[in-house]
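A.B. asks: The primary structure of each chain is shown beneath.
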Amino acid sequence: MTAADPAQSEEVVLSARELVKTYQMGEVKVHALRGVDMNLRSGEFLVLLGASGSGKSTLLNILGGLDTATSGTVVYRGQDLTKADDEELTEFRRAHVGFVFQFYNLIPSLTAEENVRLVADIADNPMSPVDALELVGLGPRKDHFPSQLSGGEQQRVAIARAVCKQPDVLLCDEPTGALDFRTGILVLETLERVNRELGTTTAVITHNVPIAQMANTVVELVDGQVSKVEHRETKLPASGLRW
Amino acid sequence: MDVINRKLLRDLSQMRGQVITIGLVVAAGVAAYVTLQGTWTSLESSKTAYYERQRFADVFARLKRAPRSVVSDLESIDGVAEVDARIADAVMVPIKTLREPASGLIVSLPDYGSPRLNQLHLVAGSMPEPGRPDDALVLESFARAHSLEVGDTVPVVINGTIRSVRITGIAMSPEHVFPAPTTGIFSDEKRFAVFWMRESVMAPAFDMTNAFNDVSVRLQPGASLDAVMAAMDRVLDPYGGVGAFGRKDQASNSIVEGELTQLKAMGTVAPMIFLGVAAFLLNVVLSRLVLLQRAQIATLKAVGYGKSAIGLHYVKLVCLIALSGSALGIAGGAYLGSAMTEMYTQYFRFPLLAFELDPRLVSVAVSVSLLAGIVGAVASATRIANLPPAEAMRPAAPPTYGSSLLDKLGAYRFIAPAARMVVREIERQPLRTGLSVIGIAFAVSIMVLARVSSDAMAMLLDMQFQQAWKEDVMVSFLDPLSDGAVRELEHLPGVLYAEGMRMVPVRFVHDGRKRESAILGYPEDGQLRRVIDVERREVPIPESGVMLTAKLAEILGVSVGDELRVEMLEGDRKTVSLRVSSLAAEPFGLQGHMRMSELHRAFGEEATASMALLRIDPREYTRTEPKLKELPKIGGVLRKQTIIDQFKAQSADMMLVFSLILTLFAATIAVGVVYNNARVALSMRSRDLASLRVLGFRRGEISAVLLGELAVQVLLAIPIGIAIGAWMSKAMMNMSDPEQYRLPVMLSTETYAYAAGVTMAAGLVSALLVRRKLDKLDLIGVLKTRE
Chain A
-5 MTAADPAQSE EVVLSARELV KTYQMGEVKV HALRGVDMNL RSGEFLVLLG ASGSGKSTLL
55 NILGGLDTAT SGTVVYRGQD LTKADDEELT EFRRAHVGFV FQFYNLIPSL TAEENVRLVA
115 DIADNPMSPV DALELVGLGP RKDHFPSQLS GGEQQRVAIA RAVCKQPDVL LCDEPTGALD
175 FRTGILVLET LERVNRELGT TTAVITHNVP IAQMANTVVE LVDGQVSKVE HRETKLPASG
235 LRW
Chain B
156 MDVINRKLLR DLSQMRGQVI TIGLVVAAGV AAYVTLQGTW TSLESSKTAY YERQRFADVF
216 ARLKRAPRSV VSDLESIDGV AEVDARIADA VMVPIKTLRE PASGLIVSLP DYGSPRLNQL
276 HLVAGSMPEP GRPDDALVLE SFARAHSLEV GDTVPVVING TIRSVRITGI AMSPEHVFPA
336 PTTGIFSDEK RFAVFWMRES VMAPAFDMTN AFNDVSVRLQ PGASLDAVMA AMDRVLDPYG
396 GVGAFGRKDQ ASNSIVEGEL TQLKAMGTVA PMIFLGVAAF LLNVVLSRLV LLQRAQIATL
456 KAVGYGKSAI GLHYVKLVCL IALSGSALGI AGGAYLGSAM TEMYTQYFRF PLLAFELDPR
516 LVSVAVSVSL LAGIVGAVAS ATRIANLPPA EAMRPAAPPT YGSSLLDKLG AYRFIAPAAR
576 MVVREIERQP LRTGLSVIGI AFAVSIMVLA RVSSDAMAML LDMQFQQAWK EDVMVSFLDP
636 LSDGAVRELE HLPGVLYAEG MRMVPVRFVH DGRKRESAIL GYPEDGQLRR VIDVERREVP
696 IPESGVMLTA KLAEILGVSV GDELRVEMLE GDRKTVSLRV SSLAAEPFGL QGHMRMSELH
756 RAFGEEATAS MALLRIDPRE YTRTEPKLKE LPKIGGVLRK QTIIDQFKAQ SADMMLVFSL
816 ILTLFAATIA VGVVYNNARV ALSMRSRDLA SLRVLGFRRG EISAVLLGEL AVQVLLAIPI
876 GIAIGAWMSK AMMNMSDPEQ YRLPVMLSTE TYAYAAGVTM AAGLVSALLV RRKLDKLDLI
936 GVLKTRE
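Just so you know, the sequences run in chain order A and B. Be aware that the first sequence starts at -5, since it is given in the numbering used here, and climbs by one per residue. Be aware that the second sequence starts at 156, since it is given in the numbering used here, and climbs by one per residue.
The shape of chain B in the complex, shown without the other chains (with noise of 0.2 Å):
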């Protein structure tokens, strides 16, 4: 092995706190990178692929009913490449293990075959046979999280008669990646199940013989949406069309989209940020680093080694530690990312579906960080070689410390010499100071940012479970009624309140642009209700008119004052126009809100509710309970606390993974560029503090010069940093603003204290290695040697 090579391996092992910690460093900017990077194009390719496979329809649309025969007319609209038009219904699900029956869907299958769109995925069984009675397939994630296996029967309630259904097969479908009822938006695989029966056993149940009440389209190439959707539109209406709609507002993928756009914005913003503050950190440290081998890299143009033999050699240097710290990085990575992969096939239910480690992925993590370290290693390196070599085997000349503005105030009277040595390296080298500054506070930031999703899922949850949303029971009636049922509610064993809402399904439309949607009505002395926005203020309903969410408003294009149009999709479908009162920047949906009074009264309707807000005896709620599966015209009951449960257990618990992970990383570089600059300030102030001990300095009072000036520098990072993480965290939340909600950029106190916590624990750690170097220090030969 040449000599140069030997001492490079020297240099690596003598150095190797550094080395490991810089390549700590490395490892956990490319691990966050392949990470959450990783995680993202493998949900976004297994959802494409699986999309692409089972046939998923770009266009959906629900009907009174059509006879067969309107599938023809479909057909022929232009851009349309494919129809399948088909029986679906709701369902109740009254299955013994849970204490509310579950809600879902039926969904005919034709009698032979298979359904020409949104294709079923058989995991176990098979296709019911044609003419069966009962027989039905179920979907995997309500058959899994019951343990239902082929052979099984069911309780389902069809059409108002319960009839006991018999598993013959498991399926996953696109239209259920992510399986929760229309409304919800967190996926309920407990209480929301599906059933595909053959046609013609089912068409009866529904009086639906040769008729269909759901159609699916698949679009040509190149066709406009919008075009055949109001082509649709035209054809379903005299059937009792309620309007098609795309796939982004299609139940499940509209959540599985706006899942992916908050990963992209996790997945590719935060991973760019950490590489790119590994990056920097590195540049910053291995330029340092190479600027103490100054003597070295004199030796070596003095003994004939030429520039780029000396570039070369800095740069073996930095892609020993590189290297090293990507692979770590890209292994430590994948594992995670698999890991976090796995996690989400919790919830979206994908088949097949893996994490995919993509070379190309892999390639710009390791370039950029080696980039960034060869370029700030080869520029001291060259820097110092470009010297005359007896020039550089000098010490370097002592740094200018002139008066500043410090001086002539006279502030230095009122510190001791010690004092001022740290206030006055700080003032004098404000370029070294600031650089360290910035990275402890880069560091700081990512820790801030890590932490800022499950912050703002910590607020949603509050928000709107404990402040907006009052009741414990939430009851859906099949139809809308009187508040007569609303009152005999309150009269079931446990009730101790009962209260009334209306919400009508309607279809927004203004300028040309529409959104199916929904309006509350709340009633005039509503306790248990309220809306609240996302800066925790109560936005009060309106005396008139309707009160938008924020973002529907700016979908639609309406501000405060403007007429709407409002077409009711249910009953008698009236269209009415609204007026636009105010609007509320709610967290939640995109919805209108109006008193119950003034929505009858728009609509021309007698006082019904569509559904009843309980407050409950906890301890009477086993009573209760049974006593309300017992209504009839009762489509669902659900207890706020299940859906904070299953919110809490599913995404919750998936923001905390991955927080956990981001502060782990964050955590390692800000420990990473803590320590090495500690150990750099070390290195360049070995001397002075040296020639302090010879003086009769304590081993303490030396230590509080150095790490005096490591404190200064970790205190003013800190509010820096979290200032940096407060506005990348703004900058990636805007990245991504999912219609179904938006999050609050509220980081909490106890973030911030986290934050500052971990940098002066590092801080502290850091201090108390180079301590340890500290008391070792040998006094002669630093006092010998010139460097």
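Okay, chain A solo, but in the shape it has when bound (with noise of 0.2 Å):
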């Protein structure tokens, strides 16, 4: 059952090695990223811990092809993405990555279910943008706009949108961070159905240490480093979490 166990499974998505990024800001360097290695192994659910600052943002953004490390390399499966241009990580993140972020980020001019297929058009083998909002049980809710949808909904527009395409990888930065807790629940509930129903590799990243409760992969970042990597046995549903 290696699928039901990607914890196990030595395909590696994405894997990172030596990542480094620092900044300059003004006079001072600020280092966000110091020496990280980690690996995001296919259809595993990847939770990345870590205080704010501590670097978890800079690295899924490295991660999703959106910036650039300072030095240490990036490979989407055997594709050393250190080296791409901003062409090239385009195209990579057009074809392969999902993203959901905090501010849900939709398009307020669109409804829910066009904003899905926007993405559906561009993609190569998309889902039915339909078939997407049914997944994240919003069916019913397809042709209201943004400011028609409460939060949690907004955000699972997004998630929607992230997988309809059917992203080798989604990544998710602080999917919670805008909900209350029983939509923060909702929210992770689809998450998690998404991960299972279509075995697509999940990271998320929160500073809310209970969320890694629900993962296969637990990371955690303290200032720009890896501090622990825990592979867990058991998973606790999504709805069983509190906080």
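No lab work stands behind these hints, which were simulated from the structure alone. This structure is a prediction, so every number in the text was calculated from the model and none was measured. Glycine residues also receive a C-beta, built at the ideal position from the N, C-alpha and C atoms. Hints may contain errors.
Unchecked claim - Cβ pair distances, simulated, as ranges:
no., chain 1, residue 1, chain 2, residue 2, range
1, A, S141, B, D513, 51 to 57 Å
2, A, V203, B, G459, 19 to 25 Å
3, A, R236, B, G459, 24 to 30 Å
4, B, K162, A, Y17, 20 to 26 Å
5, A, Q18, B, T454, 22 to 28 Å
6, A, Y17, B, S903, 57 to 63 Å
Unchecked claim - Mimicking EDC-like on lysine to aspartate or glutamate, the simulated pairs with C-alpha atoms at most 20 Å apart in a straight line are:
no., chain 1, residue 1, chain 2, residue 2
7, B, K202, B, D369
8, B, K931, A, E82
9, B, K669, B, D717
10, B, K928, A, D61
11, B, K202, B, E511
12, B, K788, B, D638
13, B, K931, A, D217
14, B, K931, A, D80
15, B, K419, B, D772
16, B, K928, A, D80
17, B, K403, B, E207
18, B, K928, B, D157
19, B, K419, B, E511
20, B, K931, A, E128
21, B, K219, B, E199
22, B, K625, B, E679
23, B, K729, B, E199
24, B, K625, B, E645
25, B, K625, B, D717
26, B, K471, B, E690
27, B, K403, B, D388
28, B, K931, A, D79
29, B, K219, B, D369
30, B, K928, A, E81
31, B, K625, B, D772
32, B, K931, A, E12
33, B, K928, A, E5
34, B, K625, B, D680
What the hints assert, rightly or not - Which chain B residues stay away from chain A? Per the calculated CB distances, all over 10 Å, these:
no., residue
35, A382
36, A845
37, L847
38, G851
39, A916
Put the two chains together into one complex, using the hints given.
C.D. replies: Next up, the structure:
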């Protein structure tokens, strides 16, 4: 039952080696990442924990091709992203990565379905936008505009938008950060369902420790370095989480 | 420096692209205002001062001959302040430097001192010594055109005898500010000469000793012009008076006034529109710019800045932009204004014509732009400052979009979501889109407005000289001649065809209104002259009765079918009654048209012609011309091409410069609007666009979303702008309805193409500039921050 136990899978989708990222902020050098090594394995649900400023967003952005590292390598299925230029990174994101952000980032002038279709239109092998919305439980609300949806619903539209192109990797940056507890659980259940039913490799970054209980793998980041990697044998369903 | 002021300077430097373009919009509006209005006021005040100083007369009259004693009769007329009687007659100047002889006037000077009225402004030399025959002053424009100097001699045909006139001085005259023959409407300084001679020397040549044939009158303040003219006519009638006329019918002044009316329309309406448009744009652009600072305003409020402090902050921002734009506009406007005033001296001969920068003018321009900017910016700032800081610090609620008609119709099914973003943005933000479209449309409209005058002039030129006048040369006779004389001209070398025309100077009288004018008589099978109306249609000469210029009929208050009293102003001065059989909305002049035979019959005269129209072989003209010059009884020889060249060199050039300046301003405004629109749209949409980039959209694809919106705005604005422009042109043209010519409001296709082209080019340049910004879009930054 290898698929059901992705932590044991040896197929690495994304890997980072000795990743360093420094920003020059005026006269001060900020070391956001100081030599990070990590793997994202096929089909796993990974939670990246860390306090604010620990570098977890920077790591996610580099893994997703939104940013480039100062040194070190990022490899996606044998493709070295470190050497990719802007065009190639765009193509990488377009073909393989789905993003979910704290602030949803929906296009206000498009309905839920249209927001999803926006991505389906440029994907090679998308699922139907309506199916994607059904998957996140928003089938009946597909004709609503963002301003007519609650925060949790908007976030689930964002998830539908991210998964409809059937990405290899789903990267979520604080997806529950702007939501209350009940809505947050609803969103996490959606991510769990996507991971389980579609087998999409998922990485969620959060500073909310209890969320780690639903992961196959937990990576903790402190001050730009990996302080702990934990492969969990048993994971809690999202509905069982409390904070 | 206070931190808030430091913020101001940094904001300005950070937004410099927008600051510069907005500043240029203000500068263009202010400069247009200062240039045009300044040129007009300068010309107007120069003219008034000059007329005053040289004691330019109020009433003029010509007559056959009256003894000097009649002057006291004129002086005793109620309302007359001063009378100046003199001798004046037409002369021909066969000067070597011209192919055709120049025409002109010779006017007497009192034997001692200066004339009482219409005094001369001596530019060089001195007044002629009394008693020295053939000494004369010459008109400055003619002297300049032929490089004549004091001491030179000029051949002048005075009353049929050629004399060698010696120039003792060069003078300007308020009667010849616009140096043109009485019938001309084009300045013709090369071909129009005026000489002034001492009376005692001149009188014997004209048999005018102790007599006069020309009189000028200055009115007492408050005197009735009409009453004085009527009284003068009564006094002068026994002496062959051909009717007194006021300043507005004086040849030079009527042109000057006409030009000034034209310039006033151009110089008051156009700059108002420019300034208004610039102000409107300043208002819109600044209010949007401030909206983008929502979070900053909230933060300022949260840390304790009051609403008035925040308001003041933005007032300062606007002041810095508007004042530097105004300063640039005033400097540029003053420069262009003096250049234009300088250009006017080419054909308005005022001494000391200087461009004046009226401080009131400047303060109007500056206040209008300041006010518009401040209102726009402060309104936005106040709106934001009125929100509780906590609310204002959150991003504005997602704009509400709902299903629209297009949704219900299912129209969106057929377009991709990216295109839907464009369409919905436009559809759901009608006010913002509308303001942007109106802004760009205004920029388009002032480009149309800028070119309307030159279009009209070109049209007029074509209508009059290509379609209506088909002859090559016009020969005017000193006195009417028989048809045989016209036929004789056909035998001259190079003359292909000759046609006679009768022109009778007349006075039209109807219902107490009167007007000096002329009736043109056309030969039955005439081929060379046609009457073309402003719609470019040929108007046939009626079989019987007289056809009047529509404007003339309006002045006289007559309509088709009315009987009109017509007094002939030459020969036996017969008075007849003519029926108005049709009207012609012709662009030029105020006159009557009749068949030649009808004209002869009505006035009971022999078949005569007062001029001949010739078609010539251009290769032979060098042979034709000297022969024409040799003929006796020829008053003037004018090549049509000469008039066209002259006109193009003067009026057309003037119009071109005018248009060029305005077009430059209009284009600046267009670029400013389109660019700022694009920048504001970019700021407002950057979050959406960055989201799209993150989702894997390529640069080209997101550019299409933003630029598609701009393209739609520009494309909507062009037809609207052209319509507004045409409407404004009509309004401006209506303001100037000089009696000499009526410019048709006919905009050329080139003007439309030009306005559309410049706007699209401005759009394209803005798109490229914005595209560069789009390429540098900070994906992570935009997604992390709320605004």
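A.B. asks: Would you list, in rising numerical order, the hints stated earlier that this structure does not obey?
C.D. replies: 2, 3, 7, 13, 15, 18, 20, 21, 23, 25, 26, 32, 33, 36, 37, 38
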